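Protein chains: 2
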Amino acid sequence: MEQIQEQDVLQLKAWIHGKQPMEVRNYLSTLMPADIAMLFEDLEEEERLIAFRILPKELAADAFVYFDNEIQEDLIQAFNDVELKEVFEQVFLDDTVNIIEEMPANVVKRILRSCRPERRKMINELLQYPEESVGSLMTIEYIALRGSMTVRQAIDKIRKTGMNKEMIYTCYVVDDQRHLEGLLSIRDLLNHTDETPIETFMETNVISIGTHDDQEQAAQMLSKYDFLALPVVDYENRLVGIVTIDDAVDVLQEENTEDMEIMAAIAPSDHPYLKTTPLEMWGKRIPWLLFLMLSATFTGMIISNFEDKLAAYVALTAFIPMLMGTGGNSGGQASVMITRGLSLGEIEISDLPKVIWKEFRVGILCGVTLAIANFGKMLLVDRYLMHNPDITILVITVVSLTILVEVIAAKIVGCILPIAAKRLGLDPAVMASPFITTIVDALSLLIYFQLAVAILHI
Amino acid sequence: MEQIQEQDVLQLKAWIHGKQPMEVRNYLSTLMPADIAMLFEDLEEEERLIAFRILPKELAADAFVYFDNEIQEDLIQAFNDVELKEVFEQVFLDDTVNIIEEMPANVVKRILRSCRPERRKMINELLQYPEESVGSLMTIEYIALRGSMTVRQAIDKIRKTGMNKEMIYTCYVVDDQRHLEGLLSIRDLLNHTDETPIETFMETNVISIGTHDDQEQAAQMLSKYDFLALPVVDYENRLVGIVTIDDAVDVLQEENTEDMEIMAAIAPSDHPYLKTTPLEMWGKRIPWLLFLMLSATFTGMIISNFEDKLAAYVALTAFIPMLMGTGGNSGGQASVMITRGLSLGEIEISDLPKVIWKEFRVGILCGVTLAIANFGKMLLVDRYLMHNPDITILVITVVSLTILVEVIAAKIVGCILPIAAKRLGLDPAVMASPFITTIVDALSLLIYFQLAVAILHI
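Respectively, the protein sequence lines represent chains A and B.
Residues in the first sequence are numbered consecutively from 452, following the working numbering.
Residues in the second sequence are numbered consecutively from 452, following the working numbering.
Be careful, since some hints might not be right.
[Said to hold, decoys possible] With a straight-line cut-off of 27 Å between C-alpha atoms, the simulated BS3-like cross-links for lysine-lysine are:
no., chain 1, residue 1, chain 2, residue 2
1, A, 616, B, 675
2, A, 675, B, 464
3, B, 675, B, 873
[To be verified] Label-pair restraints from in silico Cβ distances:
no., chain 1, residue 1, chain 2, residue 2, range
4, B, 575, A, 719, 44 to 52 Å
5, B, 800, A, 651, 54 to 62 Å
6, A, 578, B, 877, 42 to 50 Å
7, B, 575, A, 730, 56 to 64 Å
[Claimed, not checked] Every beta carbon over 10 Å from chain B, so not counted as near; a handful from chain A, in silico:
no., residue
8, 494
9, 500
10, 528
11, 632
12, 646
By construction, these hints were calculated from the structure, which means they are not laboratory data.
None of these values were measured; they are calculated from a predicted model.
Ideal Cβ placement from N, Cα and C applies to all residues, glycine included.
I would like the entire structure built from these sequences, with the hints used as guidance.
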């Protein structure tokens, strides 16, 4: 694979400014649409328009889909009506809808005006589905056949009408009312003789999804069943569209990014990192930071309550960060594994008892290991090596016991929270990571001070 | 979509024990292979073998690929040689290799013995590629054509030889030495008349990948370019295989899970959550917990060093958890965004200066907001509402200033660490999240105590 290099950009700029359109055209024609889009990001607005106009029509439309929304908007504003029409006649319907969804109203109007009335109607229908729904992700450019057709008739229909359809390798068989009856692949067609009616060999056992289901569900089904496309039906099982694997991959990647951001206490964002302004980032990061900072008031209050006792045993303070860190890490491990398991469909809400029982055992194993390690470390390092007279065997016992109890508690809280969130219809990732630390922090301190009071009699 | 329900399992078990093979066969034939695999997980070993033997041959082989490794091994152990042959004749070559890679030596021998010599040779070749390499992911079941063929000859060849190939929708054109010359899709074939030589319209501008490249790179290229398959070439640009989109999706999902686990301080695991024993989980989680616990010794030592001063100003202790939490969250936000950006290819190592400059500005924005919020909160809540005489304006200033400085420092450390890790050839996710907290914790405490000494003159 050849990556776009800085000298490629410089060379391209030189050709543009040197008025050498053939060089620009020849060079860009060797690139994939996605790479042209990356290259265009590094051009100035005017250079971009010049280069875009030099591109072969089809390649220009293919690359257009990969541009950032801002670049798309700039280009559309600069297009005349003929150019606009040329581009959007080539762009697939679902991509057109995706672009329209991100554009300001005046641009949307221009795009819609440039389309033929029939196409405009289809776009308007697709725009009505809620964001994140299967309807908003699907394309309606698929191939529908009738069961009574022969293989030859089916191939002829694909040849005649299929060439502008997004996915021609899976064809759908519908009845008069467009009810989904079956599906077949080009592979199946090629595998049978010309005169065979397709209903004799089509797959009638069809997996489909509804227009109002979540697009993430469609993506996961495509991934689970290894399909290239998934048919989408309305409430009456009439075929209305398909979701293709390339769009499903994009959805999966976006959902993964979103989960990671939420687990790191960031409000999810659609923009790539380098395209986001510091102010936008601040907006995405500050709500959770503020919330978590203010909720730490509780941990502060717990410490304040034990202030007199801490003053008597100042040595105990030194272990607070370690105890809170260990609790937070233990709980975070559990919550992230459960959140991921829920999102991959490996764990269901009904698995809660199994999960708690498992985390309880993991908690005991981890807690005992860490408590023993801490006991040894405090005895050796703090007591003998550093000759700290405050670190008595009783203090070591308090700290080690706290680790044991808090790790078990953290594992159990960490596995319950995401499942409870899912049960309540919330995003498990939200409840999981940012929340868990606050709760486990408070829990750890309470355990610590209770054990200290009980064992050290302070 | 119909989910597998508990009553489906019970019904299936009843049929198996009631010796009603036709019911079993009819019911299972309505399911997708991936769903049969899920259902089989809930059967006992003996029930599973009975049900598997009742399945139509082709469906049985299709479902076999989706079983867990343990179930596959159990079944293979129970198969006689004829059954083994029947299954592995149907399974695609790359899936066979994946299965073999997870089986103990005696099972591998039986599988290889059941294959025809020619196929056995291909399997052995594929087994030699390093794990995680493109070679170990690719399949060698693709369609290769010659440029001089006409459309009719190409379609005939696909009909004759292509039906057992995994991906027939993209065909590759090679010369005598199997050098990759071009590619074309079935769509292109159907779009041209029977007598056209395919070299006149094939795409010669082909993106390919090497056998020894990382499989994650192949997956990302398939996702970036929206391909259904990616050709794989050896060092001399000879076509040796293809990577298909369904395998690429699996790789992307595995890599995402791995990144999330590493960010949560867990050693990555291949097993689904519910299949992992508590002891295995302990093994994956305890190394980082131990390391992080012991490295917290440093934060403990910093506190011990300031113990006398803390004893004089005990009120300062109450804010340690909040300060460490805020620093850790701020750094974690930056490191997770950068790690994800690196993994999606949105950020390159050379972007480091841009990234630091951006995080510096985000750090100032977040730091100022949090410092002001904290100042107001401490003034109102701690000083006036709770009448805590120890919370002087100077103490409030120390805490608020610490927040400002630590947030900026955490953002910068958080963005540098993952990029530095990548530069050193390490996994950015490892360096990022687990490490960041330890470093930022120590940093926050040092800033806190230095400011306390300077401002409070203790």
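| Taking the CB of residue 578 of chain A and the CB of residue 877 of chain B, does the distance hold inside 42 to 50 Å? | 46 Å, holds
| query | Since residue 500 of chain A was said not to touch the interface, does its Cβ keep a gap of more than 10 Å from each Cβ of chain B? | reply | 24 Å, holds
| said: For residue 675 of chain B and residue 873 of chain B, compute the direct alpha-carbon distance and say whether it is at most 27 Å. | reply: Holds: residue 675 of chain B and residue 873 of chain B sit about 21 Å apart, inside 27 Å.
| request: Decide, holds or violated, for the assertion that all CB atoms of chain B are farther than 10 Å from the CB of residue 646 of chain A. | output: 15 Å, holds
| Hint check for residue 651 of chain A and residue 800 of chain B - Cβ pair distance inside 54 to 62 Å | 58 Å, holds
| Outcome of range test on Cβ distance (residue 575 of chain B, residue 730 of chain A; 56 to 64 Å) | Distance hint for residue 575 of chain B, residue 730 of chain A holds at roughly 58 Å.
| Closest CB-CB distance from residue 528 of chain A to chain B, is it above 10 Å? | With a cut-off of 10 Å, residue 528 of chain A remains clear of chain B, as the shortest Cβ separation is near 26 Å.
| Beyond 10 Å from chain B, beta-carbon-wise, is residue 494 of chain A? | Holds: least Cβ distance 18 Å, greater than 10 Å.
| query | Taking 27 Å as the top limit, are the C-alpha atoms of residue 675 of chain A and residue 464 of chain B close enough? | reply | 25 Å, holds
| query | Has the hinted range 44 to 52 Å been met by the Cβ atoms of residue 575 of chain B and residue 719 of chain A? | reply | 46 Å, holds
| said: Can you confirm whether the C-alpha distance between residue 616 of chain A and residue 675 of chain B stays at or below 27 Å? | reply: With Cα atoms ~21 Å apart, residue 616 of chain A and residue 675 of chain B stay inside 27 Å; holds.
| Does the no-contact call for residue 632 of chain A survive, Cβ to all of chain B over 10 Å? | It holds; residue 632 of chain A is separated from chain B by about 15 Å at its closest Cβ, greater than 10 Å.
Checked against the numbered hints given earlier, the structure satisfies every one of them.
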